Amino acid sequence: MVAGALLIAIATSSDKEAFAQLFTHFAPRLKAHFRARGVADQQAEEITQEVMLRVWRRAGQFDPRRGSASTWIFSVARNCYIDLVRKERVFEADADEPVVVDPGAPTDERIADGERMAALQAALARLPSEQGQVLQDAYVGGQSFPEIAERQGLPLGTVKTRARLAIERLRALLTTATRE
Amino acid sequence: MTMPSHHIPAETLVEYAAGNAPEALSLVVACHATLCAACRHRLRALDAIGGALLERAAVAPLGAEALARAMARLGERATEAEAAGSDVSAPAPIADGAGADADALVARLPGPLRRLVAGAKVAWRPVTLGIRSYQLPLRESSWRARLVRFRPGLTIAHHDHGGDEYTVVLTGAIEEVGGRFAPGDVCVKHPGDRHTQHIASAEPCIALLVQSGDLLPLTWLGKLAKLIARE
Numbered sequence: 043m044v045a046g047a048l049l050i051a052i053a054t055s056s057d058k059e060a061f062a063q064l065f066t067h068f069a070p071r072l073k074a075h076f077r078a079r080g081v082a083d084q085q086a087e088e089i090t091q092e093v094m095l096r097v098w099r100r101a102g103q104f105d106p107r108r109g110s111a112s113t114w115i116f117s118v119a120r121n122c123y124i125d126l127v128r129k130e131r132v133f134e135a136d137a138d139e140p141v142v143v144d145p146g147a148p149t150d151e152r153i154a155d156g157e158r159m160a161a162l163q164a165a166l167a168r169l170p171s172e173q174g175q176v177l178q179d180a181y182v183g184g185q186s187f188p189e190i191a192e193r194q195g196l197p198l199g200t201v202k203t204r205a206r207l208a209i210e211r212l213r214a215l216l217t218t219a220t221r222e
Numbered sequence: 131m132t133m134p135s136h137h138i139p140a141e142t143l144v145e146y147a148a149g150n151a152p153e154a155l156s157l158v159v160a161c162h163a164t165l166c167a168a169c170r171h172r173l174r175a176l177d178a179i180g181g182a183l184l185e186r187a188a189v190a191p192l193g194a195e196a197l198a199r200a201m202a203r204l205g206e207r208a209t210e211a212e213a214a215g216s217d218v219s220a221p222a223p224i225a226d227g228a229g230a231d232a233d234a235l236v237a238r239l240p241g242p243l244r245r246l247v248a249g250a251k252v253a254w255r256p257v258t259l260g261i262r263s264y265q266l267p268l269r270e271s272s273w274r275a276r277l278v279r280f281r282p283g284l285t286i287a288h289h290d291h292g293g294d295e296y297t298v299v300l301t302g303a304i305e306e307v308g309g310r311f312a313p314g315d316v317c318v319k320h321p322g323d324r325h326t327q328h329i330a331s332a333e334p335c336i337a338l339l340v341q342s343g344d345l346l347p348l349t350w351l352g353k354l355a356k357l358i359a360r361e
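These protein sequence lines are chains A and B, in that order. Okay, so the first sequence: first residue is 43 according to this note's numbering, each after it adds one. Okay, so the second sequence: first residue is 131 according to this note's numbering, each after it adds one.
Hints in this document: simulated from the structure, not taken from any laboratory. Just so it is clear, the structure is predicted and the values come from calculations on it, not from any experiment. One or more hints might be untrue.
[What the hints assert, rightly or not] Here are the computed distance ranges between Cβ atoms for each label pair: (1) A:S55 to B:E333: 47 to 55 Å; (2) A:P197 to B:K353: 27 to 35 Å; (3) B:A253 to A:E88: 49 to 57 Å.
[Unchecked claim] Covered by chain B, according to a simulated footprint, are these stretches of chain A (three or more residues, beta-carbon under 8 Å): (4) 58-67; (5) 72-86; (6) 93-104; (7) 125-137; (8) 160-171; (9) 175-188.
Every residue gets a Cβ at the ideal spot worked out from N, C-alpha and C, and that includes glycine.
Chain B with its partners taken away, still in its complex shape:
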């Protein structure tokens, strides 16, 4: 696999590093950075800004017994929740309604996604012709986060965006005027950005799709597709 050529915008990396990115965007950043050494380096540099500002920060006095309390707890074991957070156990197979490539798919998901779906009962649901999706189990719901599977050769009719949209390609490829998006690449759209997309790979395209608003179709066919879509 080659290095991704479409990256996370710098300001989104800053939001992530500062701990202010919405949960779904953090997933996008972590997945792209897992596949992109350049963005991992950028994130490290942005973490260093946090370190420098922490070093320079004001100090707030702690309770008199704070150090003694901490020292007394050093022997404690990590809580279950904390241990689960760093869980890197093998992923459970995805029940892929479309075929027998489920195990292969899970193995190809970047680590942050693999750990998120591990143990979950994952099933693709048909959305509309040629598109299936799986809603990812996030805790914060102002953004939607889904794995989406597009049929090879599919065209996604001309549309606008009701909110911000981040697409991380995981398998296959998406083409639009001005760009080809291969595994690891991120496509970022904001309200007012309009495009037509084409699935340009022989294999199905699976992508992480994260949106803060609805897709706004601009063609009658697209409007019809949205009308009959089961979301």
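Extracted from the complex, chain A is given alone in its bound form:
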């Protein structure tokens, strides 16, 4: 079963076998993710446990129309990191505040489409190396742009520009992939 179906099985029928499968796939990746952010081995193990427990409890919030399972689990992991490692408040947008008319799905939406995860993977692999590296350092290494700039001896503006160009390039690559 693919990860999204496992999450739905947990949400609808508290399926422990589905949880075990998700754990086997994601827990070692989550632990590596936290280790890459400089979290010590034991704490990385504990936070991974916490992320997977939140995944179990909140599986009902997973909406396959909004993105893939790994995207949702990444956001749970990010919030756990902010909460438990940085010990700061987590602020998330209300998705359904009815104050604004939704203009429909803009082009970025196609990046979030769960079925296009493979296209996103391919697009990430095709980024110029310095652009891919900025995303890697930010998302995996947990380095802020000022930290990346300092470590690599680059002006902050250069790092920000690389990040912006990376996002624009991904959008262009995915637009092409959609047309093909």
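With chain A fixed as given, assemble chain B onto it according to the hints.
Coordinates of chain B only, in the frame set by chain A:
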């Protein structure tokens, strides 16, 4: 309400999505995105990058009993802190020294701010002529985060910025050369950016103001105002 026309810069959205934005900036992003469907879509797309990189990530072996430990805990209830994090209870009224519109104000705050001030004893403090503020209770203090209330018609004298500054307009409107900022709009300034602002609405302008440095007045009147300001 129309769609905001002044958005969060792309690189700040990336900082937020990657989990690296300072706490105060995360509040700015969450408030703007609550009011801006376009930026919510952008954030979803940026989350997907995190998902793709997690999928592609290295794996680190867990302790032998890790799965069994997790399985044994599935029946546990969420901790109080975790439950509080997802609290969406009704907000407490703000004690608004300026008038009776306190309840109306709280109802108009975007969700992330409403939940932050819920239960807190909120009181506006006068800063200087025509400006009141309320310091928001964040855990990380390298940035200042405040709700600021500007009197209609007020002019904020020409000034520079000692750090980065993000202003999210919540009620009313702010004008400056090159732009009008209405509810949901974000005004972003960096050191070296200079502007004069004018409160261009008939009602008071309330904004979320987040700064990593001080405001640097460039006029003698502004310097005087800063000198007498109670911050």
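Assertion that chain B covers the stretch 93-104 of chain A - criterion: three or more residues, beta-carbon distance below 8 Å: holds (count 5)
Distance restraint hint 47 to 55 Å, applied to the beta-carbon atoms of A:S55 and B:E333: holds (51 Å)
Given coverage of the stretch 175-188 of chain A by chain B, checked by CB-CB distance under 8 Å (3 or more): holds (count 9)
Assertion that chain B covers the stretch 58-67 of chain A - criterion: three or more residues, beta-carbon distance below 8 Å: holds (count 5)
Annotated coverage of the stretch 125-137 of chain A by chain B, confirmed only when three residues or more have a Cβ within 8 Å: holds (count 11)
Whether the CB-CB distance between B:A253 and A:E88 falls inside 49 to 57 Å: violated (40 Å)
Claimed coverage, the stretch 72-86 of chain A by chain B - three or more beta carbons nearer than 8 Å: Since three or more residues must qualify, the claim that chain B covers the stretch 72-86 of chain A holds, with 7 doing so at under 8 Å.
Range agreement (Cβ of B:K353 with Cβ of A:P197, hint 27 to 35 Å): holds (31 Å)
Chain B covers the stretch 160-171 of chain A, three or more CB atoms within 8 Å, holds or violated: holds (count 3)
Hint compliance for this structure: hint 3 is the single one not met.
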